Amino acid sequence: MATTHARAAARLMISPSVILLLGWMLIPLGMTLYFSVLRYNLLMPGDNPFVGIENYQYFLTDPAFTAALINTLALVVGVLAVTIIGGTLLALLLDQPMWATGIWRILVIAPFFVMPTVSALVWKNMFMNPVNGLFAHLFKSLGLAPFDFLAQAPLFSIIWIVSWQWLPFATLILLTAMQSLDREQIEAAEMDGAGALSRFRHITIPHLGRAATVVVLIETIFLLSVFAEILVTTNGGPGNASTNLTYLVYAESLLRFDVGMGSAGGVVAIILANIVAIFLMRAIGKNLDA
Amino acid sequence: MARAVTPQRKALNTAIAALIGALIFFPIFWTVLTSFKTETQAIADPPVWFAFDWTLENYTAVNQRSDYLLHFWNSVVISVGSTLLGLMIAVPAAWAMAFVPGRRTKDILMWMLSTKMLPSVGVLVPIYLLFRQLGLLDTRMGLVIVLTLINLPIIIWMLYTYFREIPGEILEAARMDGASLREEVTHVLLPMAVPGMASTVLLNIILAWNEAFWTLNLTAAKAAPLTAFIASYSSPEGLFYAKLSAASTMAIAPILIMGWFSQKQLVRGLTFGAVK
Amino acid sequence: MLNTRFMMGTVAGLALLSGLTSAQAEEITIATVNNGDMIIMQELSSIWEKETGNTINWVVLEENVLRQRVTTDIATGGGQYDVMTIGSYEAPIWGRQDWLSPLNDLPGFDYDDLIPTVAANLSAEDTLYAVPFYAESSFTLYRKDLFKQAGLTMPDQPTWDQIRDFAAKLTDKPNEVYGLCLRGKPGWGENLFVFGTMVNTFGGRWFDENWNTTIDTPEWKAALDYYLDVMTKYGPPGATSNGFNENQTLFQTGKCAMWIDATSAAGRVFDPAQSDVADKVAFTASPVAEVPKGNSAFWAWALAVPASSHKQDVAKEFISWATSADYVALVGKEKGWVAVPPGTRLSTYENPDYIAAAPFAATTLDAIESADPNDATAQPVPYSGIQYVSIPEFQGIGTTVGQNISAALSGSMSAEQALQSSQRSAEREIRRAGYGN
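Protein chains in written order, with our numbering: chain A, 7 to 296; chain B, 1269 to 1544; chain C, 753 to 1189.
No lab work stands behind these hints, which were simulated from the structure alone. No experiment lies behind these values; they were computed from the predicted model shown. No residue lacks a Cβ here, since even glycine has one placed at the ideal position from N, Cα and C. Be aware that one or more of the hints could be misleading.
As the list claims (entries may be wrong) - Sample of chain C residues at the chain B side, in silico, Cβ under 7 Å:
1) N786
2) N809
3) E814
4) T828
5) G830
6) L858
7) T1001
Input sequences plus hints: build the corresponding full structure.
This is the structure in structure tokens:
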């Protein structure tokens, strides 16, 4: 195995990344921790007195906090469910023999390239707007009353928009995995008289496990901090109906300019994110070891 | 034995794929289409499809109001710059992790990924103060640094998974032949890792191009990329769908076109080690 | 003789040249809102750039984003902007913190021409901290054609009860005509802009003399019940995402019979180039309920120079230009008199061109001059402000209350819940900040 010399070299090669990321984590984290025990409102400069855990008390007892926790979870789980199920079905479809696969694949992956702000603006205005949006036109032409997506089903609408952006990613990874599936194994099963459904259940799904784990990991990292889509569409409302943890921290620190409270919220969010991370890493680390 | 696929079956598959592809792509198509309409046609009910007076007035209006080329250039510099810088830092780290794994390698990797879960909004004020001290506010350099740090974990992880698939024996052989570490990396490792690196680069350019929190909050005018450009078209007064569409089209077109052309390279490496 | 004159000419020319170069061309960064009047300013400022040789970098953003960006920058002394567009809420608060440069002695600036109430709202302790770009109050816009069709007459001073009756008669949902459009988008500068005035005129207040929060009171309940009732029955769908801009679009496309909002909308709804209903619009005062005061809002968008800017002189030169009577005349000439920024200068309202082009001029001026932030409530209060409370904590309180009101409008909260939750959160904020101790 590797020599001591190689190990030293390896450590040297890893260290820039580790030092940079450590700095990127610790410096803001240290400042955030420090701010979180101060009464620090940007709009009221002064001596910023030390207040101990007061900010944490206020943040954790804020009714919006529980709501945000639930919404964050719903958003992550909702989008994961849609993209993994949808992605599997799409991958299955694109894996079938057909003409001009390249073109259809290009169409399917296009949303991945669209910046979140743009996709949120487009969905909000041109589709979900209850007066001028396309959905409203569609509903009216069917003789139905226009549905006000962002007011009546805010979280659902955001899950919808975010899923649209992440579906291509899931599809691509699952498709690549599916294409690496051993054809002979399938054909053998086919000869044994296994139906399409049972082939899918017993061969394809287990084979996709690893790919699905990767999708879950990468998407969770990004979905925990969904922000632009909420800011652009609902501003976290109505009420707190679509406020996630990230948005709540934003509201405290940059709408109310209460940096102390926002920092306390930031620390809470970091702790929760790390709990999720640990669980996720455990599950996935195992799966990826193979 | 090749499975027999009837033309009917193939046609049916194609039809379903075309339908679903069109549905998923529709919002983008509609945005591009709307950008050529007048404001009143943009909200017409029933919607107009192709029979309208095609106009470029929205593009003219947008260009009069904002310096598109400046924002575009900023986006290019920031996304390419942060990707290259990230690559320079990440390649050695990923190499070391893949070929000289220690007991803690996996933990370090997972810890790196977990830094991506820090909610950016919570640390904006500290970073803002820091940037002011360092004179990095509204500079492309500042954004390159931040985006490098943000995407570094992803770059390292992607590279790590490719490097790990390169059989160690080849490197051993090279080493036996007396290749130095540098030669090992440049002559043996890199050529084999090119597809993976291409894909890493592409993915990170996309992520950096679309990053909308730091790019919007740490810039004012000079270094503002396309994300800031688009922010000035959200919810203005009066009818704005057509102008919004034109601005959106201009903001996403470069990256969309790049993505399409490099689709193969992107897809080939986008496995994160999930495919063996 | 000839020679001397030539010499003198040369000297003068050189002096002029050196004068030009010594007033070195600078580059300034201006942050502004993407409202129509500011877009015009952005367009026309190329004239200023040519005249002075300076260049401008524009940062044009939506109101909420802009407010967040400039506040972060000014509070941390970031110094990214040389000119900021701020409101009458921020100007005095920021001025007291010494974040803004005093603007009492801009060279050649005609201070006497400013509408006194507007200047007062942008000052703290007699120091002007921001010069008004445009100012607005609120009033009632309505469609005279629809009123005539339905045989209705709008009184000069409508009551909210009358507005409800009119809305009931004018709502024609199959044809997408909604009786009444009001803001529903959450935010203290959005739904509270109008709802805040309703609270005043329904007899409510935010805090009593001892800073006890008074949101869960019958007056607030009456105002909210009224608001929810008319908006659900006669308002447009999607009202919770309608702010000023969205409502303006609805009104301009003929989808609202009545719209109670900022007077600055008038310039655009009366402009045939932008509005389908330009020849069908009429206007009157903002409605009242029990209490005949505090029923019209007051807001001014103003230009300020942050103390952290390193280019104070050029920045001040620009804001003097962009808020001058000459600028008003320039907009009049280039864009038509109906489009000039309203509500800041008395001379605008004495200009026959403007009065001819803007039938709403007198009503607007009257509303702005009579909007008194120090006497807007039936019961005594410890704060000033009409639809906002002029304390730094109000951003936070207003944001939460705005969210709750919009939650009630969407039906995800009851009126009682919305008010109780607002009461609790306002109490917390006020207690934290230590008022009334």
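Each hint, compared with the structure:
no.: 1; hint: N786; result: holds (4 Å)
no.: 2; hint: N809; result: holds (3 Å)
no.: 3; hint: E814; result: holds (5 Å)
no.: 4; hint: T828; result: holds (6 Å)
no.: 5; hint: G830; result: holds (5 Å)
no.: 6; hint: L858; result: violated (24 Å)
no.: 7; hint: T1001; result: holds (6 Å)
Of the numbered hints listed earlier, the single one contradicted by the structure is hint 6.
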